[in-house]
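Count along the sequence shown from 1, then add 3; that gives the number in our numbering.
What the hints contain is simulated information worked out from the structure, not anything from laboratory work. Hints are supplied without guarantee of correctness; some may be wrong.
[Claimed, not checked] What follows is a set of in silico ranges between Cβ atoms, one per label pair, in the way DEER data are often shown:
(1) Asp882 <-> Leu44: 46 to 56 Å
(2) Asp958 <-> Phe324: 25 to 35 Å
(3) Glu851 <-> Lys465: 28 to 38 Å
(4) Ser601 <-> Val1026: 55 to 65 Å
(5) Glu687 <-> Leu655: 18 to 28 Å
(6) Tyr466 <-> Glu317: 57 to 67 Å
(7) Tyr1051 <-> Ile781: 36 to 46 Å
(8) Lys1006 <-> Gly125: 55 to 65 Å
[Claimed, not checked] Subject to a maximum C-alpha distance of 35 Å in a straight line, what follows is the list of computed DSBU-like cross-link-like pairs (lysine-lysine):
(9) Lys938 <-> Lys1054
(10) Lys21 <-> Lys10
(11) Lys562 <-> Lys67
The C-beta atom is built at its ideal place from N, Cα and C for all residues, glycine as well.
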Amino acid sequence: MSYIIKKQKLFGSYKQIKETCARNGYELPSLLKNYPIPNELDITIEDYSPKTKFNGNTDQEELKEFLKMYPEFSDIAIDLNDEQLEVVTYDGDKFLSVEAGPGAGKTRVLIEKVNYMVNELGVDPETLLIITFSTKAAEELQERLAEGDLLKSDVQKMHISTIHAFCGRILEENGKVGLNLISDDAGEKNLLFIGKHMEELGFVKEAYMSNSEIPNIADKYNEYCSFDVDIDKLIDYIEKTRPISEEYVTFVRDYMEKNDGKYPYDEVKENDEFKKSKYNAKYLQIAKSYPIYEEILKREKAIDFAHMQKNALEIAQQEDFKTQFTNILIDEFQDTDPMQMALFEELMKTAETFTVVGDINQSIYGFRGSNTNPFTYLAKKYDDKFEFKSLPTNYRSTHEIIDISEDFIKHQRPEESALGKAKCGRQIHNNTYYMVNNFNTARGKGKESVAVEAENILRIIKYLIDKKKINKLSDIGILFRSVKPSSSKCVGPLLEKLEENNIDVEIKTNDLLDKDEIKSVLTLFYHLVSDDDPHKIFFNSWERDWLNLRAYADQILFKLSEETKEILYNLQSKFEEEVVKTENQIWLRDHKSGGKQSFEKVVQDRPEEMLIEIFDSVTRPILSNENLLEYGITNEDDLEFFRKLNDLKDSLYAEDVKYYERPTVSEVYLKLLTDVTGFLTEDEVLSNEEEINNLSQITSSLQTFVDVRYERDIRGAFWFIYRVIGNHSAFKEDKKDAIQIMTIHGSKGLEFPVVIIPSFKKDTFPKKFINPEEKDWINMGPVYFTPYDCLSYPKYDEEFGLELSHDMEEERVIYVGMTRAEDVLILSSLVDNVNPELVSALESGEFENLPKGPARIESAINENLDACRFIDIDDIHIDAIPRKPDEEDNSYCIDLSFTALENYNNCPFRYKLANQIGFSITEKQEIDEGIFVHKALEIINKEIINNDNVFIGNDTVVEIITDLFEKSNEELHEEDPVEYEKQLNEIIENVVYYYDNYGRDLKILDSEYPFYLKDKNYALKGVVDLIYEIDGNLGIIDYKNTRLEDKYEDKFKKQLHLYVLALRDQNQEYEGKEISKLQVYAIKSQKMKDIDIDEAYIEELKCELERVAKNIHDDNFESCKCDDCKYCKYKNICKQQF
């Protein structure tokens, strides 16, 4: 091991180190004595005549001895192995490619390399670009760099982000400002955007696609963009190979014209030729609509992730493209897709240093486009431009875990790879383990087999707990290929068994809809949007399953009386019985026997003509105020509940209320929880964390809907929730200790002392290859195959072919799972009808010929049979490695912003709802307008910056505002054009006045500048509206869409002084410049106000931040009376209303 000096840490401790050595008669270690220390930091110690040197034959050993004797100085150096040291200190003429195996300290090396480049090589931090795989990884890297050996100001000058965020910066710096990003992690915004334009995109008539099919469209658009499709060639291919019959087209058009645009699902379903034409028509229209989609993006100044990359690449390929980033580091390089590679190649042209780090054996995101080996690509195309190094030493796992995982994956490692067989950095030995479970292939027995595997895993877990083989439950990670019950049959039974045994588990599944409070509120929401037609014939999946009168009876947000519940249950049962009885009567007119036996089967399977006849004869119960009395409901509280619910419904569709004056979807949602049910109270919020957090998730989806569609479209909002809620996970309280169950993809980057990987099974895990060229449907989803010669970038590694590429990725998924294990690895397989062989192996003690699962798993186990032990579930023996218990960590860090700080100070309960739980409510128009004006000013200011700080002219300002206002106010434009023009003209007048009188001649340095101040117990985040230069110093302007009134002065003062506190802490890229002017500009007053800088007040703010952070950590959230109570959006929830 070798040490690298941490420059800033050494400088901070140098005086104490020298004094310590002098006091104890030691000579400074050579590495420290010879380090270039600034004169002002060096000290002269009188009568310092050291007599003793630290032990060691080398400078490195000498420093090691010093640090051992004086551990208080251990942070002045970091020890690295030889390979790590080579990577960190590499300063050659070539670029650098680093293949890093699992547990090799990749992130640590990356951090130290950045430190070394800035502190030792003098690289300008403003030239550093660091690309990470996720936003979370970028934030963690930035935080670790800032807390390490670099000045915070230097870290802030770097660009550390995901590739998408970097592409966004390229676009913005090249004039593409004000773009509306319609992609998010959940994919919901993109679905809404496409859904908004379905008719324009041509998904009508014979190519009709329902909202539930929008994800298929979005996936194909993403593929077309990411792989640069030749759309004309694709359309030509589809038209030649996928005929659409004229008979189908004519039939569908005639039917839809006669039936109010309704698509003839049943008729098409019964005709095989029509079904083929239906598929082909959609296939063709998706391709034809793609250019239309791109035009809509341009027209609406919107962009998705794929087009963000594509547009950034097009800019980078221009001859005059310039970038400040000449020192580039790419983390997780194995996950690079072809378009990203093309962008990186453009950056390489002007780069001084270019470093890529990753592990191709951990490339498991082929479904996102990362499907070729970028390291091999570099080795073959740029062999003379790159130095190829590796980090092969695994400090995570035992020898045996390394051996079996290496034997499993070694056949994949290409000859060009710099990464050889992994070395063990821990020098610890321990067995690995495998379990073989019998899978009974007899019909109907498979489910039992999986349940037995779950029982066996439970027994292993209980053994580990009872025998104290683990310190805590979270030492165990159980990693599945998928945690969806439909994919991994073992998950459900295992969770049930763990719960039965009171063993805590942490797992993220899409189970929000399973929660009673969610079904309860969606029942009420549906009441508001449902048709009151007593003879309706179509029932959605929720109605067929649970959304009926019983859902009202089972309501937990408002408890109905037992008498009312019984009436509702009886009404629903009687209705369903009548439906089945009527269906049987109609069926038996033409058949001797048969007929459906359940309501669900009737509404799901019978053709429309029969359903019309059935429901013409049967009346569906409708819960109108009048009907409730007829049904015999007499409980006054129950009747009042339904009256409130029906009154709310009536108010939403009142003809005398203009559309844009109706309540927003989130206001309606809040009314359901407060005015109608009375459920959402302060006591409930503070005592029922799980239910309240689950209910708040609906508000997040409603906010997403509002961002893209219309804030008062109640029906649209409900059906959006209907489509997306299946992708949401219920709130899980953070358990101090619980077994971690997750997907292997979700485990990437994590590690566990014990790893169990269940359910290896031939053709299932790893998944069997299905050729998309040969199948229209795979895993119950349409393929809409794109021929590979229609794509500019390869979708698979052409050296291996499509099938082998798929199989190799499946193996890499397993390899990633194996290499999460630190001490114990347990592999569990399901093998068809293996019981006879199991009995024989147990009797003989010979396991070599025992089938052990899929071929590659079996081969890896057999190659390591001496150290890979069979688990006899009736006589379990598992060796574990003793570990010191983790020390309890009582530290905390609370994320704060100015708004969060004000929310807490004004009312801790408001903070709890708005900032901690995230219970979103669409803001009032005044605040909406404020957000709009801020956005307009941001775009205008960035256009000025891009125009070399020359004002862009009032005409351009007006054009920007008009375009942005039109996108944000479509409803108002349609409903009340006069009011629309009035509001638009007022905003234009105010903004133009600002630039004419204040903003035109400013030297703008930054607009909407993000800051981050990290202290021990809090992290202050925010955005400064405008930073400008004045007489060599900095000025700050904060925009307010209010009138300038004295009552706001304290708030303005606090906000601006928080900005000063944050910017001073980091100095950002404005190091050496004083902040000399603080100003607030009130848009509606058309006035600028100066705020004096108060140094004592800044110190008070530091104390306030610390106090608020502690109160939040201590869960102090009771409401309090404040000046804002009357206007608070949560006023109907808290106790202060009484």
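To see whether the hints hold, each was checked on the structure:
no.	hint	result
1	Asp882 <-> Leu44: 46 to 56 Å	holds (52 Å)
2	Asp958 <-> Phe324: 25 to 35 Å	holds (29 Å)
3	Glu851 <-> Lys465: 28 to 38 Å	holds (29 Å)
4	Ser601 <-> Val1026: 55 to 65 Å	holds (57 Å)
5	Glu687 <-> Leu655: 18 to 28 Å	holds (25 Å)
6	Tyr466 <-> Glu317: 57 to 67 Å	holds (59 Å)
7	Tyr1051 <-> Ile781: 36 to 46 Å	violated (59 Å)
8	Lys1006 <-> Gly125: 55 to 65 Å	violated (29 Å)
9	Lys938 <-> Lys1054	holds (21 Å)
10	Lys21 <-> Lys10	holds (16 Å)
11	Lys562 <-> Lys67	violated (70 Å)
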